[in-house]
Amino acid sequence: MSDHIKKEFLDRLEDTRVGILSAGSARAVPMSHYFDDDDPSATLWFITAKQTDLSKAAGAGTPGTFIVSSTDESLHARVEGTLSVSNDPAKLDDIWNKVAEAWFEGGKQDPDIQLLRFDPREAEVWLTGGSLKFLYEIAKAQLTDSTPDVGEHAVITF
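Residue numbers for the sequence shown follow the working numbering, so the first one is 1 and each next one is one higher.
Source of the hints: derived by calculation from the structure; they are not laboratory data.
Among the hints, a few may not be true.
[Unchecked claim] Listed below are the simulated DSS-like cross-link pairs for lysine-lysine, each with C-alpha atoms no more than 25 Å apart in a straight line: (1) K108 with K56; (2) K56 with K91; (3) K6 with K91; (4) K91 with K108; (5) K108 with K50; (6) K108 with K7; (7) K91 with K50; (8) K50 with K98; (9) K98 with K108.
Just so it is clear, the structure is predicted and the values come from calculations on it, not from any experiment.
Could you put the whole structure together from the sequences, leaning on the hints where they help?
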């Protein structure tokens with residue numbers, strides 16, 4: 001595995017605000033993720049309500065999947081790992097923002113807030129030049145009878 005691809009994945013993940021999270025028997029739903037790209041374990045954090053399917057499904061090491069695709073189509077990834085409930089008030093303080101506040105009437109003190117921790121184990125990642133680069137590569141391949149260069153693909157372990 002290339003360290004370059006892992007670093008590029010984390011850089012692009014930081015610029016991508018939403019993905020689809022599933023775990024255990026919980027249905028897959030869109031969720032905003034938060035993380036520190038300097039953290040080598042790349043732990044992802046999510047803020048949800050205690051009564052959501054994800055919150056109820058999250059246990060100690062519940063298998064989970066996070067699927068993410070950037071709006072410019074330069075990142076596509078499927079991240080496998082484990083989802084668990086966290087009661088870390090310092091981490092909630094660290095990631096709390098106006099978007100999260102919009103979901104909870106009581107703000108950061110709302111008793112319904114549940115912090116979820118996703119510890120990635122492996123990610124299959126596709127890094128591309130984006131949709132315009134993809135179209136260019138397809139057109140070039142048609143004209144030159146060659147294979148398009150659609151970017152890099154790798155499996156990353158954490």
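With a cut-off of 25 Å on the C-alpha distance, tell me whether K98 and K108 pass. This hinted pair holds, its Cα atoms lying about 10 Å apart.
Hint consistency between K56 and K91 [alpha-carbon to alpha-carbon, up to 25 Å]: holds (20 Å)
Against the 25 Å threshold, does the CA-CA distance of K108 and K56 hold or violate the hint? Answer holds: K108 to K56 is near 20 Å, not above 25 Å.
Is the straight-line distance between the alpha-carbon of K91 and that of K50 25 Å or less? Between K91 and K50 the Cα gap is close to 17 Å, so the pair holds against 25 Å.
Please verify whether K91 and K108 have alpha carbons no more than 25 Å apart. holds (12 Å)
Tell me if the straight-line CA distance from K50 to K98 falls inside 25 Å. Status holds; Cα separation ~19 Å.
For the pair supplied as a hint, K108 and K50, confirm whether the alpha-carbon distance does not exceed 25 Å. Holds: K108 and K50 sit about 14 Å apart, inside 25 Å.
Would the hint linking K108 and K7 be met if the CA-CA limit is 25 Å? violated (32 Å)
Going straight from one Cα to the other, do K6 and K91 come out at no more than 25 Å? Given pair K6, K91 holds - Cα atoms ~24 Å apart, limit 25 Å.
Checked against the numbered hints listed earlier, the structure breaks hint 6 alone; every other hint is satisfied.
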